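Trainee: For reference, the chains in residue letters:
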Amino acid sequence: MLLIHCPYCAEERPETEFAHAGEAHIERSTEMNALTDEGFSKFFFYRDNTKGTTFERWRHIHGCGRYFNAARDTVSDKFLTTYKAGEPKPDLSKLVDDQTNAGAKS
Amino acid sequence: MDNSVKLRRSLPLAEKAFGASGVSVTSMGAGYRCSLRVGADDVAALSQALGVDLPQTPKTSARSASRIAMWLGPDEWSIYDSKNNPIDDLKNVDVACAGVDVSHRNTAIEVSGSLAAGVINAGCPQDLSLEVFPVGACSRTILGKVEIVLCRTKADIFHVECWRSFSPYVFEFLSTAAKEQSALAAR
Ligand SMILES: [Zn+2]
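Chains G and A, in that order, are what the protein sequence lines are. Mind the numbering: the first sequence is residues 1 to 106 in my numbering, read in order. Mind the numbering: the second sequence is residues 1001 to 1187 in my numbering, read in order.
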């Protein structure tokens, strides 16, 4: 059982309470009408699908119901951190260092 | 001519109950429920109207007489009352909020006894130890394949809320687990 930290419930909860909700930090243009077809398709359809650390939206659907963001490693499936919707991307270099140090200690 | 229509409440589980050594699974009688959404600024006004302080800490509940207010999310509560309909107390409140009477949408099952936490854990992945899920703790979560709202009313009593159409499944799930856990404990 994977445990995911919900930033609203402020504790780790079982993964079956959560739903994945796609890539995070995708900004909707304030001038949608000015977008070319190519620009719109980039915004709407294309995703980075990173191998390694990625930023994702998750929803605590069978818990508090909130959407939040997570930095997760798509290779190891490890969550580096989770944070509330609207908060800026956390500093990854620091997070990866913390993980490496934690790994070295254990 | 009397145009008023009197509808008798039908309870999906009727009087269903299951008992084994160390645990009982009992369908609860009719109760009132209100699904409540309100922003942080108006929590105090609604707490006053409802006569119970809407808890603002995750996974906690608050009680007053027959009423219990359960925190479900940062702006969402479930109000359960075994005697009086909480929606009646919201009728004259001048506050932007969404209060919906869901008394008939849900039904409740009580799981009690020394084995109660273990029985619920047969289908619920949350840590139900008293340190992590103390008396008064409540949470929307999962039981087997369905969503429930779980509230620990006493150390060995849990109130399980589920949608009425899911209730035969929830009852069977809990009574099967109760049978199993009770037999295991007796070995
Ligand atoms: Zn949550």
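Think of the hints as simulated: they come from the structure by calculation, not from any bench. There may be inaccurate statements among the hints.
Claimed, not checked - With a straight-line cut-off of 16 Å between C-alpha atoms, the simulated EDC-like cross-links for lysine to aspartate or glutamate are:
#1 A:Lys1091 with A:Asp1101
#2 G:Lys84 with A:Asp1075
#3 G:Lys94 with G:Asp73
#4 A:Lys1145 with G:Glu15
#5 A:Lys1154 with A:Glu1110
#6 A:Lys1154 with A:Glu1131
All values reported here derive from a predicted model rather than from experimental measurement.
Trainee: Does each hint hold? Answer for all of them.
Mentor: Checked hints:
no., hint, in the structure
1, A:Lys1091 with A:Asp1101, "12 Å, holds"
2, G:Lys84 with A:Asp1075, "15 Å, holds"
3, G:Lys94 with G:Asp73, "14 Å, holds"
4, A:Lys1145 with G:Glu15, "14 Å, holds"
5, A:Lys1154 with A:Glu1110, "11 Å, holds"
6, A:Lys1154 with A:Glu1131, "13 Å, holds"
Hint violations for this structure: none, all hints satisfied.
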